[in-house]
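Engineer: Chains A and B are the protein sequences, given in the same order. Everything in the first sequence is counted per our numbering, starting at -1 for the first residue and increasing by one. Everything in the second sequence is counted per our numbering, starting at -1 for the first residue and increasing by one.
Don't read these hints as lab results, they were simulated from the structure. Small disclaimer: the values here were computed from a predicted structure and weren't measured. The C-beta atom is built at its ideal place from N, Cα and C for all residues, glycine as well. Take these hints with a grain of salt, some might be off.
A partial selection of chain A residues facing chain B, derived with a Cβ cut-off under 8 Å [to be verified]:
1) A76
2) D94
3) H98
Label pairs and their calculated CB-CB ranges [stated by the list, open to error]:
4) B/P0 with A/T140: 53 to 59 Å
5) A/G257 with B/R143: 43 to 49 Å
6) A/D12 with B/G221: 34 to 40 Å
7) A/Q19 with B/V63: 48 to 54 Å
8) B/R220 with A/K1: 51 to 57 Å
9) A/T140 with B/P224: 52 to 58 Å
Number of protein chains: 2
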Amino acid sequence: MPKFKLTIAYDGTDFVGWQRQASGVSIQGLLEHALEELDGAPVSVTGAGRTDAGVHALGQTASCVVRRIIAPDVLTRAINARLPPEVRVMDAAEADPAFHARFDAQAKTYRYRIWNGDVISPFERRYAWHVADRLDLAAMCTAARSLEGRHDFASFQSAGSTVRSSERTLMRSRFLTGCTVTEHTDANGGSESRLLCYEVIGDGFLRHMVRAIVGTLVEIGRGRWPADRIVQLVASRDRAEAGPTAPAAGLFLVDVRYGAL
Amino acid sequence: MPKFKLTIAYDGTDFVGWQRQASGVSIQGLLEHALEELDGAPVSVTGAGRTDAGVHALGQTASCVVRRIIAPDVLTRAINARLPPEVRVMDAAEADPAFHARFDAQAKTYRYRIWNGDVISPFERRYAWHVADRLDLAAMCTAARSLEGRHDFASFQSAGSTVRSSERTLMRSRFLTGCTVTEHTDANGGSESRLLCYEVIGDGFLRHMVRAIVGTLVEIGRGRWPADRIVQLVASRDRAEAGPTAPAAGLFLVDVRYGAL
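Work the whole structure out from these sequences, hints included.
Structural biologist: Now the structure itself:
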């Protein structure tokens, strides 16, 4: 039976997250429902990352086994015809029978978008965190980069997690200057709005880890802590020491990287 | 009584357009309602351009007179507090008492976004026209540029219009190469998706003119007509000769330019 690797994009605003829940509509549930209709039998879909309610994806990756022999582009069209427009299979490819979307993932890229200005654009309301306070971007950039490398990220892990180790490696933790655009300057040259985009690439992420990092970076941007305080927050291994969890709406799972599969 | 110039952004998806209608929610209606609540008396709001149902704005401009003496940033916050998040006053500035948002507009910039690929991203479904056919972008660029200058655009004007002259000057009519990004290439290197962005700046626009131009450019992209056919379509001054009207969702009123006001 052929195994497929699916690349999926979704606007997570109106869903309970990737994973099936007791109630509410999940991305996994929508995909499994569409595939069951197509394949005439239950199909299990495994995602690379379990995005939370309200979190978006540009390149979530999933694996599934179907009984029917079907060409990847036909499968893409057939699934998409059974999904709401907020969820799209962007690509399907036949995969090695041993491929597992979660266990084989070597790195994931997330981006977090912050709208920094008095008034948030109507086009960003579902896709960015609106922070009206003046932010010290230089301090945020310095703090972000000091997280690169292998660390114990227990300070940035939400309660209720059952992972054995909270050590993770971040290959990249930066603000993308390309995203720092001035969208609008008012007539008096006074306030201006900018879109900040934080990008993080890691070999794995703890529960709410990216949002806790961003919440902490924003506290640094607001001047509550100096940039180098983040190293001590990591060392403390205490969630209560770090900043709040940033809202889900700004977070995007951008890409999942696999080896030579 | 102070006159204000408002810069307004809106996601037009769920509205009947800028102008008040017998039924349905209009942007003008929302603003006038918010201002009446604030000012304690009916306030008339004049927009630079009457965008149609489903058309978006990044920088619609409007003028209004209020009775209360109020600082522009206080006015911005007060109006926004009375608007749905799909509509935002991005800026307010005090204007010359003679300022008229429509009559004083010297140029308007529109952009039209086309998603060209098999599967449209969930983030573009409200903001772009999905054209799955392969498009000859070089031909579309040539045709677009040949519309620059002063022409009679009767071929691109919808019925029901009552303007005296259909002559308009386009200062710019181009595809922005910066918007032509490859969003996704599939595993087989086969199909790829790209976002095309057409930008047009003119001293005025006829009813549905931008969307009729884009509908025609896409017909050229599909190979129905050669690029130089667009010059003949203009010369014919016959709406039936040109291509169909492109959907509203892809169109954005980006900017309205005024003189030394």
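Engineer: Against each hint, give a clear statement of whether it holds in the structure.
Structural biologist: Hints, verified against the model:
1. A76: 12 Å, violated
2. D94: 12 Å, violated
3. H98: Not OK, violated: A/H98 not within 8 Å of chain B, min 17 Å.
4. B/P0 with A/T140: 53 to 59 Å: 45 Å, violated
5. A/G257 with B/R143: 43 to 49 Å: 46 Å, holds
6. A/D12 with B/G221: 34 to 40 Å: Since the Cβ atoms of A/D12 and B/G221 sit about 39 Å apart, the hinted range of 34 to 40 Å holds.
7. A/Q19 with B/V63: 48 to 54 Å: With Cβ atoms ~52 Å apart, the hint holds.
8. B/R220 with A/K1: 51 to 57 Å: 37 Å, violated
9. A/T140 with B/P224: 52 to 58 Å: 56 Å, holds
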